[in-house]
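Chain residues, written in single-letter form:
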Amino acid sequence: MSTTFWVWFGIGLYMAAGLGIALMARRQLGAGVSDFFLANRKLGGFISALSYSATTYSAFMMIGLVGLTYFTGVGALGFELTYLCGMFMMVFFLPRFWLVGKKYGYISPMELLSDRYQNRGVGATAAILALVFLVPYGAVQLMGVGLLMNGISGGAIPVVAGIIIAVVCAIAWSSIAGLRSVAWTDAFQAIIMIVVSAAVLGVVINALGGFGSFFDKLESAVPGLLTVPTAGGSWNLNMFIGLALPWLFFLISNPQVSQRLFIPKSVTAMKQMLGGFLIFGFIYTLISVLWGFGATLLVPGLENADLATPNLLALPIIPMGLAIVVMIGITAAAISTIDSILLTLSSVWARDIHKGLINRKVSEKGELRVGQWVIPIMAIIAFLFALWVAEKPGLDFMIATLSSAASAGLLMAVPTIFGAFFWKRGTALGAMVSMIVGAIIVLVFQLTGWKPLGWWPGVWGFVVCLPLFVIVSLATRPPKEKAEEFIGYLKGALKKGRFI
Amino acid sequence: MTKTAWAWVWFGFLLALDIAIPWYVLTSVEKVNAAFLFWTIWVLAAIASAFFIFLKWREVKP
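Chains as they are written, first to last, in our numbering: chain Y, 1 to 500; chain P, 501 to 562.
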């Protein structure tokens, strides 16, 4: 039977397993928005860790990061590990989000901001930021699946078919039981992701004569890729900071992951979630980068770096069965991210825009219905964006670059989030002005490709929005009572749990 | 300084190393035992310090 048949067979099996898990999760679905969007804040540590890992690590890793390493070398490792180092900030933010989430019953991170700054406009502004900038990030996942299926099947499966499969799965798994189906399918997918990617790395390293020989070959064949700035000029410090800065604050700027800080059922579950994720992230990052280096030796000379993974998997040294399982693993990585994005965006729309601005008296049932309608609508928008991007060549449309560009926009909410937890003097106007002006700068610079002084759009946006937040806040009146109560509560609760 | 302040200083120090070592100290060393090894060990230090802090957390009821 042909490769195409087995590819379709594997996809069918994967979809059936995912559907089965999602339907099992539905049996535990209760009523209300908290249950649908946050699994009633009762997820255990193991599922939380795997779900957080699968949501964070997407097609970006096994396609985008592999391509970036292939194309630009060790700087890609530094860039991705800078994100993981940024996870150190979880020791500050995880207990804070979790404590106030339980106490005040927040559904979305934006609702937290609205309440803390005592202004619904703050949450709505952050929500619009998320809706605008998460679409490209979601689209990147779809594009990754399309490219991969097309590559593995030797072009027999069109890119658009892969994209449609990803859209259908993401809509189904986020709609069936909300966060419960997302988290359960995420956990299933995280296990596939790490096991199969490690298996392929083993085959690649073995084909290159073991680790020692692999590293020797790298040093002799592509020595320029082992240093920064790269000899060919593909990595320079501005690019590194431009890509790494948005990634550094990913844990709080991206609502699909910061919303997860509300869900662990206990402190023990929080610890398991954080520890499990750090270990998963370290292993998965190293595997992805080593794949990229392996591809530079085994399939040199590709023009589109995002095709490094499909070409690597098409080599005769990779058994067809393993290549298909890996394809499913990467598809899983992409879908586990996009379904979380869809679910978060639907909660953000329902809570922070519909209930916050449009219809304040909407019932809980009505709010939930609105959120469920938003899921397919956002999926279709991401689908159309993916179709458009898939036709664009060059570095600006590489998966890694697009992913980081999306986070550059979300970075503009970071001063507001820091202010909420650490600065009583922060005000709603300071928050809104800094987010709006910063986002406009990022959008304009990204669309025009303008990089004054060589600085990337996210850096310019951040350099402007941070002082704006401080200056406008100092010039306006803060919500003193709420700030005292919110930060005062945290001070006491943090001490009790030996948090810092 | 409080424990929280120390943790922020440590984090800032890690970020300073992220730029200083690979981009200025190891910049012309085209070996696996250079930037690649540095970043691997550096992030392990960040992960270990996070474990050191969060393993002390204890159960609370918000």
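The hints are simulated quantities; they were obtained by calculation from the structure and are not laboratory data.
Bear in mind that the values here come from a model prediction, so they are computed numbers and not experimental data.
Glycine included, C-beta positions come from ideal geometry on N, C-alpha and C.
Be aware that one or more of the hints could be misleading.
Taking lysine-lysine and the DSSO-like style, the derived pairs with C-alpha atoms no more than 30 angstroms apart in a straight line are [what the hints assert, rightly or not]:
1. Y:Lys217 to Y:Lys103
2. Y:Lys265 to P:Lys556
3. P:Lys531 to Y:Lys495
4. P:Lys531 to Y:Lys482
5. Y:Lys491 to P:Lys503
6. Y:Lys491 to Y:Lys265
7. Y:Lys495 to Y:Lys42
8. Y:Lys480 to P:Lys531
9. Y:Lys103 to Y:Lys491
10. P:Lys503 to Y:Lys424
11. Y:Lys265 to P:Lys503
12. Y:Lys424 to P:Lys531
13. Y:Lys491 to P:Lys561
14. Y:Lys496 to P:Lys561
15. Y:Lys102 to P:Lys531
16. Y:Lys365 to Y:Lys482
17. Y:Lys482 to Y:Lys496
18. Y:Lys217 to P:Lys556
With the C-beta cut set under 7 angstroms, the calculated list includes, among others, these residues of chain P facing chain Y [unchecked claim]:
19. Lys503
20. Val509
21. Phe513
22. Leu514
23. Asp518
24. Lys556
25. Trp557
26. Arg558
27. Glu559
28. Pro562
Each hint tested on the structure:
1. Y:Lys217 to Y:Lys103: The hint is violated at about 56 angstroms.
2. Y:Lys265 to P:Lys556: 18 angstroms, holds
3. P:Lys531 to Y:Lys495: Not satisfied, since the Cα-Cα distance of roughly 46 angstroms exceeds 30 angstroms.
4. P:Lys531 to Y:Lys482: 55 angstroms, violated
5. Y:Lys491 to P:Lys503: Since the Cα atoms of Lys491 (chain Y) and Lys503 (chain P) sit roughly 13 angstroms apart, the hinted pair holds (cutoff 30 angstroms).
6. Y:Lys491 to Y:Lys265: 21 angstroms, holds
7. Y:Lys495 to Y:Lys42: 23 angstroms, holds
8. Y:Lys480 to P:Lys531: Since the Cα atoms of Lys480 (chain Y) and Lys531 (chain P) sit roughly 55 angstroms apart, the hinted pair is violated (cutoff 30 angstroms).
9. Y:Lys103 to Y:Lys491: The hint holds at about 14 angstroms.
10. P:Lys503 to Y:Lys424: At roughly 20 angstroms apart (the allowed maximum being 30 angstroms), Lys424 (chain Y) and Lys503 (chain P) satisfy the hint.
11. Y:Lys265 to P:Lys503: Measuring from Cα to Cα gives roughly 26 angstroms; hence the hint holds.
12. Y:Lys424 to P:Lys531: 48 angstroms, violated
13. Y:Lys491 to P:Lys561: 14 angstroms, holds
14. Y:Lys496 to P:Lys561: 9 angstroms, holds
15. Y:Lys102 to P:Lys531: 49 angstroms, violated
16. Y:Lys365 to Y:Lys482: Holds, at roughly 29 angstroms.
17. Y:Lys482 to Y:Lys496: 21 angstroms, holds
18. Y:Lys217 to P:Lys556: 44 angstroms, violated
19. Lys503: Given a least distance of 5 angstroms, the restraint on Lys503 (chain P) holds.
20. Val509: 12 angstroms, violated
21. Phe513: 11 angstroms, violated
22. Leu514: 6 angstroms, holds
23. Asp518: 6 angstroms, holds
24. Lys556: Because about 5 angstroms separates Lys556 (chain P) from the closest Cβ in chain Y, which is inside the 7 angstroms limit, the hint holds.
25. Trp557: With a closest approach of 5 angstroms, the Trp557 (chain P) hint holds.
26. Arg558: OK, holds: Arg558 (chain P) within 7 angstroms of chain Y, min 5 angstroms.
27. Glu559: 5 angstroms, holds
28. Pro562: 4 angstroms, holds
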